[in-house]
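**Q** Here are the chains, one letter per residue:
Protein chains: 2
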Amino acid sequence: MKIAISEIKARSERIFEKVGLSRGDAEIITKVLLETEMRGVFTHGFLRLARYVSCMESGGIKKDGNFTVDFDSPSWAAVNGNNNLGIVVSYKAMELAIEKAKATGIGIVNVRGSHHFGAAGYYASMCADADMAGVAMSNGDILVAATGAAEKTIGNNPFSYAFPAGKYGKIVYDVAMSNTSDQKVIRLEKEGKPVPLGWIIDKDGNPTTDASEYMKGGTLLPFGGYKGYGLAMMVEVFAGTLSGAAMTGDVHAWNQNPEVGGNVGHMFMAIDLAKLGDPKSYNDRVEKMLDEIKAAKKATGVEKIYYPGEIEQEKLAKCLADGTVDINDETMAAIVAVEEKYGL
Amino acid sequence: MKIAISEIKARSERIFEKVGLSRGDAEIITKVLLETEMRGVFTHGFLRLARYVSCMESGGIKKDGNFTVDFDSPSWAAVNGNNNLGIVVSYKAMELAIEKAKATGIGIVNVRGSHHFGAAGYYASMCADADMAGVAMSNGDILVAATGAAEKTIGNNPFSYAFPAGKYGKIVYDVAMSNTSDQKVIRLEKEGKPVPLGWIIDKDGNPTTDASEYMKGGTLLPFGGYKGYGLAMMVEVFAGTLSGAAMTGDVHAWNQNPEVGGNVGHMFMAIDLAKLGDPKSYNDRVEKMLDEIKAAKKATGVEKIYYPGEIEQEKLAKCLADGTVDINDETMAAIVAVEEKYGL
Numbered sequence: 084m085k086i087a088i089s090e091i092k093a094r095s096e097r098i099f100e101k102v103g104l105s106r107g108d109a110e111i112i113t114k115v116l117l118e119t120e121m122r123g124v125f126t127h128g129f130l131r132l133a134r135y136v137s138c139m140e141s142g143g144i145k146k147d148g149n150f151t152v153d154f155d156s157p158s159w160a161a162v163n164g165n166n167n168l169g170i171v172v173s174y175k176a177m178e179l180a181i182e183k184a185k186a187t188g189i190g191i192v193n194v195r196g197s198h199h200f201g202a203a204g205y206y207a208s209m210c211a212d213a214d215m216a217g218v219a220m221s222n223g224d225i226l227v228a229a230t231g232a233a234e235k236t237i238g239n240n241p242f243s244y245a246f247p248a249g250k251y252g253k254i255v256y257d258v259a260m261s262n263t264s265d266q267k268v269i270r271l272e273k274e275g276k277p278v279p280l281g282w283i284i285d286k287d288g289n290p291t292t293d294a295s296e297y298m299k300g301g302t303l304l305p306f307g308g309y310k311g312y313g314l315a316m317m318v319e320v321f322a323g324t325l326s327g328a329a330m331t332g333d334v335h336a337w338n339q340n341p342e343v344g345g346n347v348g349h350m351f352m353a354i355d356l357a358k359l360g361d362p363k364s365y366n367d368r369v370e371k372m373l374d375e376i377k378a379a380k381k382a383t384g385v386e387k388i389y390y391p392g393e394i395e396q397e398k399l400a401k402c403l404a405d406g407t408v409d410i411n412d413e414t415m416a417a418i419v420a421v422e423e424k425y426g427l
Numbered sequence: 084m085k086i087a088i089s090e091i092k093a094r095s096e097r098i099f100e101k102v103g104l105s106r107g108d109a110e111i112i113t114k115v116l117l118e119t120e121m122r123g124v125f126t127h128g129f130l131r132l133a134r135y136v137s138c139m140e141s142g143g144i145k146k147d148g149n150f151t152v153d154f155d156s157p158s159w160a161a162v163n164g165n166n167n168l169g170i171v172v173s174y175k176a177m178e179l180a181i182e183k184a185k186a187t188g189i190g191i192v193n194v195r196g197s198h199h200f201g202a203a204g205y206y207a208s209m210c211a212d213a214d215m216a217g218v219a220m221s222n223g224d225i226l227v228a229a230t231g232a233a234e235k236t237i238g239n240n241p242f243s244y245a246f247p248a249g250k251y252g253k254i255v256y257d258v259a260m261s262n263t264s265d266q267k268v269i270r271l272e273k274e275g276k277p278v279p280l281g282w283i284i285d286k287d288g289n290p291t292t293d294a295s296e297y298m299k300g301g302t303l304l305p306f307g308g309y310k311g312y313g314l315a316m317m318v319e320v321f322a323g324t325l326s327g328a329a330m331t332g333d334v335h336a337w338n339q340n341p342e343v344g345g346n347v348g349h350m351f352m353a354i355d356l357a358k359l360g361d362p363k364s365y366n367d368r369v370e371k372m373l374d375e376i377k378a379a380k381k382a383t384g385v386e387k388i389y390y391p392g393e394i395e396q397e398k399l400a401k402c403l404a405d406g407t408v409d410i411n412d413e414t415m416a417a418i419v420a421v422e423e424k425y426g427l
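Chains A and B supply the protein sequences, listed in that same order.
One point on numbering: in our numbering, the residue at position 312 of the first sequence is 395, and numbering is uninterrupted.
One point on numbering: in our numbering, the residue at position 216 of the second sequence is 299, and numbering is uninterrupted.
Calculated directly from the structure, the hints in this document are not laboratory data.
Owing to the predicted nature of the structure, the values given are computational and were not obtained by experimental measurement.
A portion of the hints provided could be inaccurate.
It does not matter which identical chain is meant; a pair holds if it fits inside one copy or across any two.
What the hints assert, rightly or not - In the PhoX-like style, the derived pairs of lysine-lysine whose C-alpha atoms are separated by at most 20 Å in a straight line are:
id, residue 1, residue 2
1, Lys-398, Lys-250
2, Lys-381, Lys-299
3, Lys-286, Lys-377
4, Lys-286, Lys-381
5, Lys-299, Lys-380
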């Protein structure tokens, strides 16, 4: 259903405050979920609200807003989210990285003790808004097979980058490491349909198009084979190994037991483009690059060549112009249930 | 043929010095080509020697060793390779990034006016040898289709990262953005064999398994579809747009006209792990992560799960233990031809 942006914003903030977050933290998580929803990434928007609330109720996610800096230096900091909401922790960590980049040109913030951080693209995008390049990544519970493995060995480790792009707004790239999500495989199985070859392997590591093999011990494959596996490892080292967070099999599957803390690890990097030369020249150049790519000869049936994040940017602009956001019925019903439970 | 490491090293240095490089630059390019060859990446090893020499002869690559720092700050520098050998320029640029990382924790060096830089993994690996994380990337002449395009729109933009890995040596990831190289497609066409679906599109942008479509205006596809296209764009912006180098269609295809300069762009990043906390703890953690991944259940027929760069590391160790490197006959013949031409 279409709902006014101002209304869903107010309702979400009220819920999170009522559940126990500070006003500021309730505003942060609402801002991130709302923008993610308006960008059309509904799997990481308000769909998660009820789940975050239930994790806070059962203690798996803390509400105290405790954000500890373990180590600080001009260009780098290591922080501990003390198992607060991953989105709030990540927002604050990227703010810190941006602050450092403003001072020194480059800021890196590693995070441990965090939780599911939602849409990676949001944080990278914060940098683009500050005329910076941004990178955001997180490890996660194991979901994807290493090349050669017949079982889940590494997380689906989201990776995102963003750049300001002049007249084009922002380039925002945001991907996970599997060819597809487990939810898509499960849906195809329910519909009795096959999955494309390359999406999953069965319990012995054999490629299969039989979606039902997934629930019998099958595993998602990384995109691009060993190339995706290697990117998942890059994220694991930067976000997990370096941060002091849990790694691979020790990362908790947050959507299973809401009472268990995550100790998920992230890495955020901000690079101030104004410190890397002439911002005016950068804008001209990034526009020229995109002009050329977008002007390429199109494949049969293709109307437009997109840059990363362009489709989501268009959806966001449409919502803002309209003043409403379309939230699916299931998500709204879950929000209403939380409101009723808290007497809102 | 197998040749003693010391012999090929001496012969390569002699050639490059004779052609006009300084002793130091001849040593650098030899070191990089030799290690790349020993790592088994023969396509980026001595196979390129004759081509680099012919570019130097015709002026497309300069020999003056002119390496200019356009801009310098504690954590970042922009340099101009003044169209010298991409490998030598890149080696010096990464040395500068490492120096900056030693001082401030993080060093980024952007490069313009460079040329084909060979194996990206070499430079990232220099960081791992210095107990740092390293990232190396380069743009290149257009070879890959943007998602939705029916023609070459973006370079095959190599991307590499490396981490020290305790008892495991180094993790070294090094990929290009297409599913496969154009050379492989051309070879399959010659053999009258089809290519796997997903490797190429025909001149109208339709997916095809007919290798012969490639030479009729077909294009390589990025690995992982839009996920690979988006990574190619990340490299283009970091290495091309930010550095002031040529971008996309303006990057010269160095293996076509040896007399034309490249103005290729690179980006090198070094992160000093000792500055990001406790190196002992990092080593324990990276080993634990790799222990777990390598211990995963293996797919039918798989004997070992590798981490990125492990296969190449094993090949290098074998060469070093043996004191020899295996160089293919075609490459040796080209080297001998250069030696004869220069009276060596």
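**Q** None of the hints should be skipped; say for each whether it holds.
**A** Tested hints:
1. Lys-398 x Lys-250: Within one copy only: 17 Å inside, 49 Å across.
2. Lys-381 x Lys-299: between (41 Å within a copy, 16 Å between copies)
3. Lys-286 x Lys-377: between (42 Å within a copy, 17 Å between copies)
4. Lys-286 x Lys-381: Close across copies (10 Å), not inside one copy (40 Å); limit 20 Å.
5. Lys-299 x Lys-380: Between copies only: 15 Å across, 44 Å inside.
Violation of the numbered hints given earlier is absent; every hint is satisfied by the structure.
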